[in-house]
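Protein chains in written order, with the working numbering: chain A, -7 to 101; chain B, 6 to 121.
Worth flagging that the hints you see were computed from the coordinates, not collected in a lab.
Glycine included, each C-beta is placed from N, C-alpha and C at the ideal position.
Treat the hints with care, as some may be off.
As the list claims (entries may be wrong) - SDA-like mimics (lysine to any residue), calculated; alpha carbons at most 25 Å apart, straight line:
1) B:35 to A:30
2) A:93 to B:69
3) A:93 to B:62
4) A:65 to B:69
5) B:35 to A:85
6) B:35 to B:18
7) A:1 to B:35
To be verified - FRET-style restraints, in silico, Cβ to Cβ:
8) A:45 to B:88: 40 to 48 Å
9) A:22 to B:87: 48 to 56 Å
10) A:34 to B:87: 24 to 32 Å
11) B:7 to A:44: 23 to 31 Å
12) A:7 to B:70: 43 to 51 Å
13) A:48 to B:14: 25 to 33 Å
14) A:65 to B:18: 37 to 45 Å
15) A:6 to B:18: 43 to 51 Å
16) A:31 to B:46: 15 to 23 Å
17) A:9 to B:10: 36 to 44 Å
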Amino acid sequence: AQRVTQPEKLLSVFKGAPVELKCNYSYSGSPELFWYVQYSRQRLQLLLRHISRESIKGFTADLNKGETSFHLKKPFAQEEDSAMYYCALYNQAGTALIFGKGTTLSVSS
Amino acid sequence: DAGVTQSPTHLIKTRGQQVTLRCSPISGHKSVSWYQQVLGQGPQFIFQYYEKEERGRGNFPDRFSARQFPNYSSELNVNALLLGDSALYLCASSLVSGAANTGELFFGEGSRLTVL
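Okay, chain A solo, but in the shape it has when bound (with noise of 0.2 Å):
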C-alpha cells in the first residue's frame, strides 16, 4: 500500500533553530516525492520535489530509500517559515498525490 506517514502533527522551535519535519513512505519502487506549503491564509503549493535536487527559501530534502524517509530541513528557521507543511507522493499510476496528515510548524522569536 502507498502511504505517507508524518508523526508530528506540530513542530515548535526558535527563530534560528535547526528544523527537521520527518516524512516516511510506504511505495513499491522508485517513488516521486513532494512537499507542498500552505502558509496563512494562502492555497497550497509547491516548495519542493526529490527530483529537482534543490533548495527552496533554504529548504531541502533527501530521499533515503533505506529508511524510506524524505525529511524537509532547514538549518536555520525564520518566522516566516510558519505554516502547515504537507508531505506527499504520486501514486503508481501518476494520477494522484497521496499526502500525509501535515505538520505545523511555528517559528517564534
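Once you have looked at the hints, place chain B on chain A.
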C-alpha cells in the same frame, strides 16, 4: 493569470441535498484533480480528469461524480449529502497526466462545504 479558481468559496447544505462545485484551471492546463480535505487531515484524492476523460478515482462512494468540459473547467457533484461530507474541497490543475506529469499541482483556494 489568476491561478486555479473555484466557486463557490463557502456553502451550507442540509443532509440529503446535492451540491455542485466548480473549478477553472490555469490557462493551458489540461488536467484537473479534486481533493477532499477534512479538518486535521491532509488532502485526499477524489478524481483526476485529463482531456475530459476520467484518469483516476479515489476511494469515494458513487455519490461523488465529476466531469471536465471542453474548456478544461470541471465540476464536482456530490449527491445525498451526509454530515461527513463537510470538508474543504480542493481543485488542482497540472499540465499533463500520468507518467509525463511535470509533478506540480497548482491548487485553488477551495470550496468549504458545511452539511447540517
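Hints and how they fare:
The suggested pairing of residue 35 of chain B with residue 30 of chain A holds, with an alpha-carbon distance near 24 Å, which does not exceed 25 Å. Taking the CA atoms of residue 93 of chain A and residue 69 of chain B, the gap is near 22 Å; set against the 25 Å cutoff, the hint holds. Under the criterion of a C-alpha separation no larger than 25 Å, the hint pairing residue 93 of chain A with residue 62 of chain B is consistent with the structure, at around 20 Å. Restraint check: the Cα-Cα separation between residue 65 of chain A and residue 69 of chain B comes to about 38 Å, which exceeds 25 Å; the hinted pair is violated.
Among the hinted pairs, residue 35 of chain B with residue 85 of chain A is consistent with the structure: their alpha-carbon atoms are about 17 Å apart, no more than 25 Å. Taken as a hint, the residue 35 of chain B and residue 18 of chain B pair is broken in the structure, with Cα atoms around 30 Å apart against an allowance of 25 Å. A C-alpha spacing of about 34 Å is found between residue 1 of chain A and residue 35 of chain B, which places the hinted pair above 25 Å, so the restraint is violated. For the hinted restraint 40 to 48 Å between residue 45 of chain A and residue 88 of chain B, the CB-CB distance of approximately 44 Å keeps it satisfied.
One distance hint, 48 to 56 Å for the beta-carbon pair residue 22 of chain A and residue 87 of chain B, is violated here, with the actual separation near 38 Å. Here the CB-CB span from residue 34 of chain A to residue 87 of chain B is close to 30 Å, well matched to the stated 24 to 32 Å. Look at residue 7 of chain B against residue 44 of chain A: about 26 Å separates their beta carbons, and that is inside 23 to 31 Å. Take residue 7 of chain A and residue 70 of chain B: their Cβ atoms lie about 48 Å apart, and the range 43 to 51 Å holds.
Take residue 48 of chain A and residue 14 of chain B: their Cβ atoms lie about 28 Å apart, and the range 25 to 33 Å holds. Between residue 65 of chain A and residue 18 of chain B the CB atoms are about 43 Å apart, so this pair conforms to the stated range of 37 to 45 Å. Restraint check, residue 6 of chain A to residue 18 of chain B: a C-beta distance of roughly 44 Å satisfies the suggested window 43 to 51 Å. The hinted window of 15 to 23 Å between residue 31 of chain A and residue 46 of chain B holds, with their beta carbons roughly 19 Å apart.
Range check, residue 9 of chain A to residue 10 of chain B: Cβ separation about 38 Å, and the 36 to 44 Å hint holds.
Figure legend: structure checked against the earlier numbered hints; hints not met, in rising order: 4, 6, 7, 9.
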